[in-house]
Amino acid sequence: AIQQEKKLLEEIHANADLSIDSSSMNVHELRQMIIDRLTSQSGSEMGILVQSFGFKNGVPADTDFVFDVRCLPNPHWEETLKPLSGRDCAVVKYLENYPEVEEMFDSIHRFLVTWIPRFEKENRSYMAISIGCTGGKHRSVYLAERLAKALREQRGNLSIRHRDLV
1 AIQQEKKLLE EIHANADLSI DSSSMNVHEL RQMIIDRLTS QSGSEMGILV
51 QSFGFKNGVP ADTDFVFDVR CLPNPHWEET LKPLSGRDCA VVKYLENYPE
101 VEEMFDSIHR FLVTWIPRFE KENRSYMAIS IGCTGGKHRS VYLAERLAKA
151 LREQRGNLSI RHRDLV
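Residue numbers (the numbering used here): 1 to 166.
Hints may be right or wrong, so weigh each one.
[Said to hold, decoys possible] When the alpha-carbon atoms are kept at most 27 Å apart in a straight line, the in silico DSSO-like pairs for lysine-lysine are as follows:
1) Lys56 to Lys82
2) Lys82 to Lys149
3) Lys82 to Lys93
4) Lys149 to Lys56
5) Lys7 to Lys93
6) Lys149 to Lys121
7) Lys93 to Lys56
Since the hints were derived computationally from the structure, they do not count as laboratory data.
Given the sequences, and given the hints that come with them, work out the whole structure.
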């Protein structure tokens with residue numbers, strides 16, 4: 001069963017930022033190792049995950065803040081943009097043409113810059129921020145990338161994930 005599980009998880013393992021062999025650790029040692037590994041680059045700063053997702057596949061269960069961006073113009077309906085993602089230049093340019101996209105970014109960014117330090121003062125070690133659109137391919141990816149870039153200017157312990165981007 002363990003060998004089968006390892007085989008099933010090979011792809012995830014290959015893409016992981018962190019891999020820990022916990023076979024000889026108790027839960028307390030594992031927790032401390034994770035804390036040490038995640039905070040070694042940035043001191044005691046809270047770790048932050050910014051992730052995009054598609055509502056059609058459900059809201060991520062492990063999230064602290066969910067921002068719904070389905071009200072923004074959808075590149076999916078443009079034939080040339082449909083196969084692309086929010087990381088592609090053509091999609092970025094498309095979304096940058098709409099003032100409401102910039103308004104949404106500014107609102108979410110201001111909210112996070114205001115509230116993240118307050119959560120951090122409560123000794124939180126980790127926070128997950130999720131940005132969702134319909135399919136998790138265009139709008140949420142674009143905004144997650146922008147937010148991660150903006151937050152990285154002020155914070156070091158930040159990672160980004162695009163759950164539904166294949």
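> Under the criterion that the straight-line Cα-Cα distance not exceed 27 Å, is the pair Lys82, Lys149 satisfied?
Replying inline: 24 Å, holds
> Between Lys56 and Lys82, does the CA-CA distance stay at or below 27 Å?
Replying inline: Status holds; Cα separation ~16 Å.
> Are the Cα positions of Lys149 and Lys121 separated by 27 Å at most?
Replying inline: 23 Å, holds
>> Does Lys93 sit within 27 Å of Lys7, going by the straight-line distance between their CA atoms?
In response: Roughly 40 Å between the alpha carbons, so the hint for Lys7 and Lys93 is violated.
> Holds or violated: Lys149 with Lys56, Cα cutoff 27 Å?
Replying inline: 26 Å, holds
> For the pair supplied as a hint, Lys82 and Lys93, is the alpha-carbon distance within the 27 Å limit?
Replying inline: 14 Å, holds
>> Run the distance test for Lys93 versus Lys56: straight-line Cα separation, threshold 27 Å.
In response: 25 Å, holds
Of the numbered hints given earlier, the model fails hint 5 alone.
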